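2 protein chains.
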Amino acid sequence: MRSYPIFIGDGLLTDRALLERLLPQRNLLVVTNGTVAKLHLAALVRGLGERTIATHSIPDGEEFKNLDTLNTIFDALADAKLHRDAAIVALGGGVVGDVAGFAAASYQRGIAYVQVPTTLLAQVDSAVGGKTGVNHRAGKNLIGAFHQPSGVLTDIATLRTLPARELRAGLAEVIKYGLMGDAQFLDWLEGSLDQLLRCQSAALEYAVRRSCEIKALLVAADEREQGARALLNLGHTFGHAIESATGYREWLHGEAVAVGLLMAADLSARLGWLAEADVQRVRALLQRASLPTSAPRVGTARALEFMTMDKKVKGGQLRLVLLPRLGAAQVSSDFDAGQLRATLQEFVGP
Amino acid sequence: MRSYPIFIGDGLLTDRALLERLLPQRNLLVVTNGTVAKLHLAALVRGLGERTIATHSIPDGEEFKNLDTLNTIFDALADAKLHRDAAIVALGGGVVGDVAGFAAASYQRGIAYVQVPTTLLAQVDSAVGGKTGVNHRAGKNLIGAFHQPSGVLTDIATLRTLPARELRAGLAEVIKYGLMGDAQFLDWLEGSLDQLLRCQSAALEYAVRRSCEIKALLVAADEREQGARALLNLGHTFGHAIESATGYREWLHGEAVAVGLLMAADLSARLGWLAEADVQRVRALLQRASLPTSAPRVGTARALEFMTMDKKVKGGQLRLVLLPRLGAAQVSSDFDAGQLRATLQEFVGP
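Protein chains in written order, with our numbering: chain G, 685 to 1034; chain E, 685 to 1034.
None of these hints come from the bench; they were simulated from the model. Keep in mind the model is a prediction, meaning the values are calculated, not measured. A portion of the hints provided could be inaccurate.
Said to hold, decoys possible - A few chain G residues that don't get close to chain E, going by computed Cβ distances all over 12 Å:
| no. | residue |
| --- | --- |
| 1 | G695 |
| 2 | A701 |
| 3 | S834 |
| 4 | D866 |
| 5 | G875 |
| 6 | P976 |
| 7 | S978 |
| 8 | G1033 |
Unchecked claim - Only some residues are given here: those of chain E computed to face chain G with a beta carbon under 7 Å:
| no. | residue |
| --- | --- |
| 9 | H820 |
| 10 | I827 |
| 11 | G828 |
What the hints assert, rightly or not - Taking lysine to aspartate or glutamate pairs in the EDC-like style, the calculated list, with each CA pair at most 16 Å apart, reads:
| no. | chain 1 | residue 1 | chain 2 | residue 2 |
| --- | --- | --- | --- | --- |
| 12 | G | K722 | G | D744 |
| 13 | E | K765 | G | E989 |
| 14 | G | K765 | E | E989 |
| 15 | E | K722 | E | D744 |
Ideal Cβ placement from N, Cα and C applies to all residues, glycine included.
Chain G with its partners taken away, still in its complex shape (with noise of 0.2 Å):
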């Protein structure tokens, strides 16, 4: 795997020299939304100095995140006339970075990019670990490719524009990575979330390294998903079930990760290897975030439709990431269909 820097501070946006080490393609198109492009678009473009740069604005909301907007991109690719020897910058949240990436993986068949992450998700999550794609009616991500970006550029700035509901979706990621990574961080997690939820920086700043480290990790080990990447994934089987049975609508995708957490926790505990108190410390840390804890009532059948379309099944035998204890996670298909009605029928109904 090609590996490729991550760079975190406060401010980089506008960090010429950095830019210009990360790009040195004279022709750019930036990919970005009509909310962040008003708040960051004209300092990464002072940032970028002197070349020929396009910009193109895709919708808002994880509902674009699909083929029609994925065209409109390669539109603005060929109008602009870039060849293999341009870049794409993805100025945006994990819809602009997935979309935007999944254009330079296919555009000519792959030119380069860079991921600026400007939500906590994203600079948590997406930005990291070249997975790109788009949604189809049949599941999350379902069409993508996995195409690693030239670099990252996480400026902490862009975090104190962002709307508290997304900052606090984006904590329910970096919670993920104290869970099944890191018993420590999640010490800390809970030591610190007031001072997260405040934007202080020098918190955001060390969460937000803390969480690309222990995923760069596991991705590094593992690019294409085939092992130890699958832990990843805590809470986010329950958690696309939830979006996709909503539509991508009412949810956003933290908000359905931080259920899913307290869903993986819940059947940790039926199974026995996690106690009581654990799932409860688990529930009273999403609490403190404002995350929700509880999930829309979609039913057991429609969740289990969902989870059985998701990508981790294998063999038609579906695979959940669980919790042996906080702070480590394990792929398992060691439970009994009663043991996870269970879950589903008290978080979604029967």
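Chain E: place on chain G using the hints.
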């Protein structure tokens, strides 16, 4: 680069042991088109034996090699509830292979696929090398992925059901291999053309095998088309311009390549690389194969516009594959605009 086997023979489509070896997967989607399905689908399904096999037909013709058609394959994959452990079988010509291969590259970020090319063009070109993709209004194959098949199964018998015009178009690519890579193969082609046009089995098998060898050697050295692989584009930058300017409708790809080969020879002669007698030798061989040796009058400016949109442009500098002598090719930008214009004006008009 991952290597994969290419099997070439008469009657392989129903070779159950070979198919089992190439396709261990139990869940398959066969992508084909209506014409090919009528001729060969039943035989292939028999050869595949006991499996869960879904089939999906896409419309026939280069103009349907687009994102909309690709999306119908994603729909078929999702409808069949196929997961990462499934495989796609591409049964058909270059359009089927390219679109189905791109679907395999992108569905769930990459599943296995096997090429079963049923046209001469696909057997000697598109089915080998792992290039997949679709066209965009701005250019041919502008969107796609490098995704190697698990294997290629080439049944010479399918060529006996191929319309004569398509067989001849495929011969243009075969002639290309002689021109760019092997003077002795070019001699053999001149001596064996009548047997090839009569679909004589041994001649076809040798022509396909030798073409695949020449291509595989260059591709293995250079999967991502930075260097040697570019030589395979002999005649293609000219040919693509003709296809683009005529909307991919009137001309078969191989027919456009045939004229493109002659244009490359013509420009090579203007550079003093080839003798006029060499150009006439190329023209004579194409004419014996009933391939076109003159282009539609799309105009020099329009042709140039499509040529500079081509993926082979680097840093704004048009690079073409030209012939230092018959049997050897070289990527060059070492021609002046006047020489290129002279060739274009002769073939496509002022």
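These are the hints, each one checked on the structure:
Interface exclusion of G/G695 from chain E stands, the closest Cβ pair being 33 Å apart, more than 12 Å. Under the 12 Å C-beta cut-off, the non-interface status given to G/A701 relative to chain E holds; the minimum distance is some 24 Å. Every C-beta of chain E lies more than 12 Å from that of G/S834, the closest at about 15 Å, which supports listing it as non-interface. Remark: the non-interface label on G/D866 is consistent with the geometry, its nearest Cβ contact in chain E lying 27 Å away (cut-off 12 Å).
Every C-beta of chain E lies more than 12 Å from that of G/G875, the closest at about 37 Å, which supports listing it as non-interface. With a least CB separation of 28 Å from chain E, G/P976 remains clear of the 12 Å interface cut-off, as annotated. For G/S978, the condition that its CB be more than 12 Å from all CB atoms of chain E holds, with the nearest at approximately 29 Å. At roughly 24 Å, the least C-beta separation between G/G1033 and chain E is larger than 12 Å, which holds for a residue marked as non-interface.
A distance limit of 7 Å between C-beta atoms decides the matter here; for E/H820 the minimum to chain G is near 6 Å, and the interface restraint holds. Annotation: E/I827 was flagged as interfacial toward chain G, and the flag holds, the nearest CB pair being 5 Å apart, inside 7 Å. For E/G828, the interface hint holds, since its Cβ comes within 7 Å of a Cβ in chain G; the closest pair sits about 5 Å apart. The straight-line distance between the Cα atoms of G/K722 and G/D744 is roughly 13 Å, inside the 16 Å bound, and the hint therefore holds.
For the suggested pair E/K765 and G/E989, the alpha carbons sit about 10 Å apart, so the restraint of at most 16 Å is met. Taken as a hint, the G/K765 and E/E989 pair is honoured in the structure, with Cα atoms around 10 Å apart against an allowance of 16 Å. Note on E/K722 and E/D744: the hinted pairing holds, with a Cα-Cα distance of about 13 Å set against a maximum of 16 Å.
The structure fails none of the hints (numbered hints given earlier).
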